[in-house]
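K.L.:
Residues per chain are reported as follows:
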Amino acid sequence: MSENKSYLKIENLRVEYFSSKEVVHAVNGVNLRMHKGKTLGLVGETGAGKTTIAKSILRILPDVGSRIVEGSITVDGQDLLKLKENDMRKIRGNDISMIFQDPMTALNPVQRVGEQISEAVRLHSDMSKEDCDKRAKEMLKMVGITEDRFSEYPHQFSGGMKQRIVIAIALACNPKILLADEPTTALDVTIQAQVLDLVAELQKKFNTSMLLITHDLGVVAQVCDDVAIIYAGQIVEYGTKEQIFHHPSHPYTVGLFGAIPDMAGDDEWLHPIEGLPPDPTKPIKGCAFAPRCKFATDKCFNETPVTHKTPDGHECSCHNMKEALKEEEK
Amino acid sequence: MLRYFLKRLLWMIPIILAVAIVVFTLMTFCPGDPAEIILGSEATDEALEAKRVELGLRDPYFVRLARYLSDTFIHFELGTAWKTGIPIADSIKERLPRTMLLSGITLFLSFGIGVPLGVIAAVNQNRWQDSLCMILALIGVSMPNFWLALLLVILFAVKLKWLPALGIGGVKYYILPAISSSSMHIASSARQSRSSMLDVIRSDYITTARAKGVPENQVITKHALKNALIPIITMMGTQFGKMLGGAMIIETIFSIPGMGTLIITAVNNRDYPVVQTGSIFLAIVFSFSMLLVDMLYALVDPRIKAQYQRKGKMKRRAK
Amino acid sequence: MIMSGKKHKGQSEFSRFIYQLSKNKMAMIGLAIIILEVFIAVFAPAIAPYGYQEIDANALRQPPSSAHWFGTDEIGRDIFSRVIIGTRYSLSMGILATLISSAIGIVIGAIAGFAGGWADNVIMRALDVIQSLPGMLLVIVMSAVLGSGYFNTILALSVGSIPAAARMLRANMLRQRKAEYIEAAYSINCSPARIIFKHLVPNSISANIVQMTMGVSHVIVQAASLSFIGLGIQPPTPDWGAMLSGARAFIRKSPHMVIFPGLAIAITVLAVNMLGDGVRDAMDPKLKK
Numbered sequence: 001m002s003e004n005k006s007y008l009k010i011e012n013l014r015v016e017y018f019s020s021k022e023v024v025h026a027v028n029g030v031n032l033r034m035h036k037g038k039t040l041g042l043v044g045e046t047g048a049g050k051t052t053i054a055k056s057i058l059r060i061l062p063d064v065g066s067r068i069v070e071g072s073i074t075v076d077g078q079d080l081l082k083l084k085e086n087d088m089r090k091i092r093g094n095d096i097s098m099i100f101q102d103p104m105t106a107l108n109p110v111q112r113v114g115e116q117i118s119e120a121v122r123l124h125s126d127m128s129k130e131d132c133d134k135r136a137k138e139m140l141k142m143v144g145i146t147e148d149r150f151s152e153y154p155h156q157f158s159g160g161m162k163q164r165i166v167i168a169i170a171l172a173c174n175p176k177i178l179l180a181d182e183p184t185t186a187l188d189v190t191i192q193a194q195v196l197d198l199v200a201e202l203q204k205k206f207n208t209s210m211l212l213i214t215h216d217l218g219v220v221a222q223v224c225d226d227v228a229i230i231y232a233g234q235i236v237e238y239g240t241k242e243q244i245f246h247h248p249s250h251p252y253t254v255g256l257f258g259a260i261p262d263m264a265g266d267d268e269w270l271h272p273i274e275g276l277p278p279d280p281t282k283p284i285k286g287c288a289f290a291p292r293c294k295f296a297t298d299k300c301f302n303e304t305p306v307t308h309k310t311p312d313g314h315e316c317s318c319h320n321m322k323e324a325l326k327e328e329e330k
Numbered sequence: 001m002l003r004y005f006l007k008r009l010l011w012m013i014p015i016i017l018a019v020a021i022v023v024f025t026l027m028t029f030c031p032g033d034p035a036e037i038i039l040g041s042e043a044t045d046e047a048l049e050a051k052r053v054e055l056g057l058r059d060p061y062f063v064r065l066a067r068y069l070s071d072t073f074i075h076f077e078l079g080t081a082w083k084t085g086i087p088i089a090d091s092i093k094e095r096l097p098r099t100m101l102l103s104g105i106t107l108f109l110s111f112g113i114g115v116p117l118g119v120i121a122a123v124n125q126n127r128w129q130d131s132l133c134m135i136l137a138l139i140g141v142s143m144p145n146f147w148l149a150l151l152l153v154i155l156f157a158v159k160l161k162w163l164p165a166l167g168i169g170g171v172k173y174y175i176l177p178a179i180s181s182s183s184m185h186i187a188s189s190a191r192q193s194r195s196s197m198l199d200v201i202r203s204d205y206i207t208t209a210r211a212k213g214v215p216e217n218q219v220i221t222k223h224a225l226k227n228a229l230i231p232i233i234t235m236m237g238t239q240f241g242k243m244l245g246g247a248m249i250i251e252t253i254f255s256i257p258g259m260g261t262l263i264i265t266a267v268n269n270r271d272y273p274v275v276q277t278g279s280i281f282l283a284i285v286f287s288f289s290m291l292l293v294d295m296l297y298a299l300v301d302p303r304i305k306a307q308y309q310r311k312g313k314m315k316r317r318a319k
Numbered sequence: 001m002i003m004s005g006k007k008h009k010g011q012s013e014f015s016r017f018i019y020q021l022s023k024n025k026m027a028m029i030g031l032a033i034i035i036l037e038v039f040i041a042v043f044a045p046a047i048a049p050y051g052y053q054e055i056d057a058n059a060l061r062q063p064p065s066s067a068h069w070f071g072t073d074e075i076g077r078d079i080f081s082r083v084i085i086g087t088r089y090s091l092s093m094g095i096l097a098t099l100i101s102s103a104i105g106i107v108i109g110a111i112a113g114f115a116g117g118w119a120d121n122v123i124m125r126a127l128d129v130i131q132s133l134p135g136m137l138l139v140i141v142m143s144a145v146l147g148s149g150y151f152n153t154i155l156a157l158s159v160g161s162i163p164a165a166a167r168m169l170r171a172n173m174l175r176q177r178k179a180e181y182i183e184a185a186y187s188i189n190c191s192p193a194r195i196i197f198k199h200l201v202p203n204s205i206s207a208n209i210v211q212m213t214m215g216v217s218h219v220i221v222q223a224a225s226l227s228f229i230g231l232g233i234q235p236p237t238p239d240w241g242a243m244l245s246g247a248r249a250f251i252r253k254s255p256h257m258v259i260f261p262g263l264a265i266a267i268t269v270l271a272v273n274m275l276g277d278g279v280r281d282a283m284d285p286k287l288k289k
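Residue numbers (the numbering used here), protein chains in the order written: chain A, 1 to 330; chain B, 1 to 319; chain C, 1 to 289.
Careful, some of the hints might be misleading.
Stated by the list, open to error - Below, a list of computed lysine to any residue pairs in the SDA-like style, where the Cα atoms sit at most 20 Å apart: (1) K161(B) - N58(C); (2) K23(C) - K129(A); (3) K129(A) - K83(B); (4) K226(B) - E152(A); (5) K83(B) - E36(B); (6) K253(C) - K226(B); (7) K311(B) - A171(C).
By construction, these hints were calculated from the structure, which means they are not laboratory data.
The task is simple: from the sequences and hints, build the whole structure.
P.N.:
This is the structure we're talking about:
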């Protein structure tokens with residue numbers, strides 16, 4: 001894996017959600033690196049903390065009930081978590097933007113679609129209203145929607161088209177980083193392919209770095225350059241797509257790939273990973289995956305795993321990495 | 001959209017006719033002899049009977065109903081009150097505006113004070129502004145308006161002598177009535193607004209707005225509030241009936257000569273033509289107000305506007 | 001509203017609701033006040049120091065004192081006793097009228113929602129007609145027709161709340177009708193009656209329950225307003241609204257006559273509202289987690 005300077009660096013991020021009754025440890029010491037112009041896939045199951053990380057980057061976690069406990073998020077040398085709100089606002093939608101999971105609810109129902117895009121432009125530039133509207137129409141065209149639909153309302157569009165509008169809004173100001181939170185999960189499979197293609201195309205065009213959050217390994221295979229696997233709020237494995245797909249080293253990653261039904265062969269049973277993710281309200285001792293891991297030893301239950309380098313040069317946080325590798329090779 | 005409005009307007013006609021028939025029929029069951037009310041208890045039996053014939057009370061029900069409907073809606077002859085002899089049309093013409101004014105002020109205050117209070121509470125959820133607003137709102141919603149009116153009179157008219165306790169005249173005569181009439185609705189608005197805003201603020205599109213870099217104050221006013229207004233307007237619509245009703249009671253306390261005092265006095269005097277016709281006119285005004293509220297929706301919510309446009313076209317039988 | 005996700009294993013929807021409600025302090029205070037009032041209402045003659053008609057001709061319009069905690073009224077009756085005994089009217093009228101109107105409304109709404117077609121249309125138009133008259137006006141007219149008195153007033157009060165209950169149930173029922181579990185029930189040959197009573201109505205009714213609790217407080221104020229303007233319950237019955245009506249003439253000299261009955265109404269309504277808020281929050285599927 002190349003060691004060129006990372007564009008986005010997250011170090012030791014800890015985020016909590018809390019209510020009067022309990023505290024949810026959503027993100028527990030995450031370290032991530034994203035390279036300029038590349039796509040990093042963040043893979044994990046629901047509740048692993050993926051969306052929380054994205055929202056933390058943009059600092060749009062809910063006002064009430066959430067807290068970034070510690071950590072740093074550095075973009076191009078600047079720690080976003082230390083910025084004043086006013087400066088952060090200039091970055092949102094402008095240098096860094098986000099695409100959300102559910103297009104049906106991501107758009108303001110009482111605001112015209114073109115205006116929603118135009119607003120993003122107007123907030124971050126000095127252009128006149130006409131110029132902003134013109135740019136908005138360009139964006140519409142770019143995502144495959146005819147310009148004359150500028151004045152329509154979200155309810156007049158289908159799910160796939162709404163998602164394109166969301167993409168148009170996100171890319172309107174040529175962001176340097178795009179955070180895509182499961183952009184295709186809520187869409188039909190056929191539309192999924194279209195939207196992914198669109199995003200990849202626009203990304204290449206503008207050389208945008210992208211963080212693609214997904215639970216679908218197929219999507220990762222199609223679009224990503226690098227991959228990070230997240231489990232219970234921690235990164236358990238990290239490397240290029242080839243490294244992860246050819247040599248998955250963490251037992252969880254191995255389990256994920258093992259759980260994919262074999263299209264070619266003749267599976268009688270599916271192979272899910274046994275057990276459930278840990279309760280995020282309880283602090284974890286040792287490795288979070290240990291209760292479900294078939295290679296777990298006493299050490300795993302007591303000591304937090306350290307990040308090791310695998311034989312092919314990517315990163316894995318597992319005490320018993322070597323055993324897992326041997327198993328995989330079988 | 002205009003088609004939809006006209007359609008609704010046309011629908012009002014049979015409904016109001018039905019209201020007139022129902023009210024008329026109900027009044028026939030009311031105890032009391034109109035002849036006696038008009039002539040007094042001293043009158044002779046012959047005089048009473050003559051009066052009854054004159055009033056058409058000896059005619060069968062359907063004849064009387066038809067006469068009433070044609071008099072009221074075709075000839076616009078609303079008759080005279082039994083007790084006072086005052087032409088009902090005159091009474092209504094004079095009094096309806098006053099009741100509408102009081103109700104209108106209530107609506108205005110409930111929207112103008114209640115909604116901002118609710119929004120402030122929502123935006124500062126769980127902080128002191130929220131708790132304070134909501135406790136005040138809970139108390140406001142629980143105080144019967146006529147009791148509040150009496151208390152205000154005790155404080156401001158009797159003890160402090162700042163404001164008049166009755167009558168009409170200038171602005172100062174409307175202050176206490178307006179406060180007593182609106183307090184419950186301001187409180188109710190505040191509660192509903194807070195609840196709507198909280199729902200809206202949690203929505204995904206608000207997160208989208210923030211992610212775009214929209215400054216927080218614009219997120220609240222431009223994005224959240226516009227969406228929160230929809231259920232708020234719904235609530236205003238349903239509350240307006242209560243505002244009208246409340247205004248009627250408040251009128252009696254402050255001796256404001258409006259529809260409330262007209263109808264309530266008439267009920268106590270068994271002056272049924274007044275009750276009948278007065279109620280029907282209030283029903284007309286009220287129905288029309290509700291229609292206006294529905295139209296207002298369309299202005300605020302483009303989805304509703306689209307619905308109305310579809311409904312304005314050929315009426316298809318939905319199965 | 002089908003509850004998805006149970007809080008504890010084997011816990012029914014109802015016990016979850018009760019659990020949620022019991023954690024709400026305001027609601028519990030409201031409930032406590034209501035229970036206290038019910039207690040007072042039942043044992044009123046024993047609690048009240050004087051009879052509600054008992055006259056002390058020497059103590060007209062006395063301000064509060066040790067002999068008469070709330071003072072006396074214009075005829076010399078003890079206001080405290082009258083307020084105590086008056087507890088029997090407001091709360092019970094509110095609850096009974098609301099129960100009656102909700103029961104009728106739910107049946108009408110269910111018929112409209114289930115039958116559809118012209119029956120639905122006719123019912124909806126009828127409801128439109130009733131709702132064309134502002135609530136208080138309708139109550140006044142019904143009260144004029146039915147006359148004064150406890151039960152007549154309850155009937156008059158209930159008419160106004162029927163349309164709202166009916167519409168609420170019908171709307172929920174229409175939503176539920178389209179739900180898949182109903183299709184499933186049909187497919188296993190469930191009879192229509194069974195579908196209505198066992199599935200549709202129970203699932204549509206939760207919104208009505210919230211509406212009912214809020215409705216009670218509204219009806220209590222309407223009842224008091226009726227008595228206040230000379231309809232509804234009349235003196236010498238110590239209904240709080242009627243007491244306020246009598247007190248009005250003496251507002252300058254004896255304000256205490258106005259304060260206590262009104263306070264009683266306000267506290268009752270406040271308690272019902274606090275409980276109602278709690279009921280609404282506890283029924284909300286979007287729990288505050």
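K.L.:
For every hint, state whether the structure bears it out.
P.N.:
Hint check:
1. K161(B) - N58(C): 31 Å, violated
2. K23(C) - K129(A): Outside the cut-off at roughly 52 Å; violated.
3. K129(A) - K83(B): 68 Å, violated
4. K226(B) - E152(A): Measuring from Cα to Cα gives roughly 17 Å; hence the hint holds.
5. K83(B) - E36(B): 10 Å, holds
6. K253(C) - K226(B): Since the Cα atoms of K253(C) and K226(B) sit roughly 50 Å apart, the hinted pair is violated (cutoff 20 Å).
7. K311(B) - A171(C): 19 Å, holds
In terms of the numbered hints stated before, the structure departs from hints 1, 2, 3, 6, listed from lowest to highest.
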